[in-house]
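There are 2 protein chains.
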Amino acid sequence: MTRAELFAQIQEKQSFLCVGLDADPKKMPPHLKGDVLAFNKAIIDATRDLCVAYKPNTAFYEALGLDGMRVLKDTIAYIGEDHFVIADAKRGDIGNTSRYYASFAFNTLGANAITVAPYMGADSVEPFLEYEGKWTILLALTSNKGSQDFQHASQDGGVPLYAKVMTRATDWGSADQLMFVCGATKAEKFAELRALTPDHFFLVPGIGAQGGDLEGVCKNGMNDHCGLLVNSSRGILYAGQDEDFAAASRAAALSLQTQMAKALKNYLP
Amino acid sequence: MTRAELFAQIQEKQSFLCVGLDADPKKMPPHLKGDVLAFNKAIIDATRDLCVAYKPNTAFYEALGLDGMRVLKDTIAYIGEDHFVIADAKRGDIGNTSRYYASFAFNTLGANAITVAPYMGADSVEPFLEYEGKWTILLALTSNKGSQDFQHASQDGGVPLYAKVMTRATDWGSADQLMFVCGATKAEKFAELRALTPDHFFLVPGIGAQGGDLEGVCKNGMNDHCGLLVNSSRGILYAGQDEDFAAASRAAALSLQTQMAKALKNYLP
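Those sequence lines, one after another, are chains H and V.
Per the working numbering, numbering of the first sequence is gapless, rising by one per residue and ending at 395.
Per the working numbering, numbering of the second sequence is gapless, rising by one per residue and ending at 395.
Keep in mind the hints are simulated off the structure, nothing from the lab.
Mixed in with the good hints, there may be bad ones.
The list makes no distinction among identical chains, and a pair is therefore deemed to hold if it is satisfied within one copy or across any two copies.
[Unchecked claim] Once the Cα atoms are required to be at most 30 Å apart in a straight line, the calculated BS3-like pairs of lysine-lysine come out as:
1. K260 - K152
2. K199 - K152
3. K167 - K153
4. K199 - K153
5. K139 - K315
6. K159 - K199
7. K139 - K312
8. K315 - K260
Note that the structure is predicted; figures quoted are calculated from it, not measured.
So that you can see chain H by itself, here it is in the shape it has in the complex (with noise of 0.2 Å):
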């Protein structure tokens, strides 16, 4: 999926929107008994118009066992080719390793892009970015507590580890090809991220469950091509426990949405 096509998505379904299919057996409605597959089938279907894309992260599907890449794929072949799929695997080593990790993300999961952590710099990062019309999305400043470890701590010229990182990675990739992770706890933030990274989109994580928020994010982040696509997993996974768990998640997303839309009227240049 290109740049003017998930824009394009964005615009159709007036939403940026990415459900972070995060599926936990133990948080699961009690009457799925474990059937992540059907959890994600059901999760899928109540917001497939709401959102443009979807973001499994791989850590959960290793928890379901050896099959649980089986799992994943088949999820993601359910999603099917109008969602942007984003393998949330935060991998990353040297370049000949970082290879295998690209091929089993965008051939064998069949996912539109994954994320990647930049401690081992260019030629880990580098074999992601060298498939075409596949995305990379490079973790930058996170929302976890940890991120003060050392993404604030400044760099060479009182520069921040996050900003060194972005500015680096430009370099390495265009905006058609390099998204970044920007947590969003602090929205005041964005407009110094957006400064940065004028025309990569940036995948938010922490709106919802970790209590970010929304249009300050929009205000301060959103370029011409929007450049967001904000992620919400347990506010929208586990709104509902009961056998109308779906709809529950339909009405979580369809509230993000909502909101989404007014964002786009309000600070879409």
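Take the given structure of chain H and dock chain V to it, following the hints.
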């Protein structure tokens, strides 16, 4: 396996060799017709008495497709209890999610240790450290070219990122549960790394195919528990290409073990 048990193995075998089980069907001897498990078993049988650790990199098993993790689990089961098994996965995510990665590596696969990326900070690493009797091996200074991009950059007070990672992480985990990945391309660097963390083991890639200097690493990096696991992958795995490939692998491992025995004699305090 405890630190004392690992050191006992090192003394008994006069070796701190880790064999990297990065099996690539395209590089394996042709007569094996891509049977990775058969290849791994032959390599393990040929090197078992010469090494103390095996390190399969998960990317190579993902590359085998959806059943790759089954091959990895069977490989780890074949290794047995007497060796230290490292799942080289370079994982790391928010705490809730890292917990699943830890469970997969330790419970599902049965590894003794997993490599972890530090970018997301304390709460991304701690879930791995919570497993009693298991080990976390944190990326500090890697041996690839891209390590220059962020790891060497100065942090607050002129401290480079890798040093900050090592110093900070010693607050998270003791030398009985935490190791560091320290690349070997410049052996003199190990004096500095050892001063930062006197007691922790270092997992050292980059010997052999990547051209590291084994004696220099030992001279600068060894501590009173040896404190080094030196990895070789390609140099051992692909030493031969005919039906006698395992004998060639054994010869390559023996050559390293012989150097290690000498280094233990010369440099173990």
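Within a copy, between copies, both or neither: which one fits K315 and K260 at a CA-CA cutoff of 30 Å?
Intra 28 Å, inter 38 Å, cutoff 30 Å: intra-copy only.
Given identical chains, is K159 near K199, meaning Cα to Cα at most 30 Å, within a copy, between copies, both, or neither?
-> For K159 and K199, the Cα distance is within 30 Å both inside one copy (20 Å) and across copies (26 Å).
TODO: Pop the pair K167 and K153 into one bin, within, between, both or neither, using alpha-carbon distances up to 30 Å.
DONE: The answer is within: 16 Å in one copy meets 30 Å, while 40 Å across copies does not.
Exercise. With 30 Å as the alpha-carbon cut-off, assign the pair K139 and K315 to within, between, both or neither.
Key: within (27 Å within a copy, 55 Å between copies)
- When no copy is specified for K199 and K153, does a C-alpha distance of 30 Å or less occur within a copy, between copies, both, or neither? Close inside one copy (21 Å) and across copies (27 Å); limit 30 Å.
Alpha-carbon proximity context of K260 and K152, limit 30 Å = between (33 Å within a copy, 25 Å between copies)
- Item | Identical-chain pair category, K199 with K152, by Cα at 30 Å | Result: close both inside a copy and across copies, 21 Å intra and 24 Å inter.
Fill in: Intra- versus inter-copy proximity for K312 and K139 (alpha-carbon distance at most 30 Å)
Answer is within: at 27 Å inside a copy they meet the 30 Å cutoff, but 54 Å across does not.
When the structure is compared with the earlier hints, no violation turns up for any of them.
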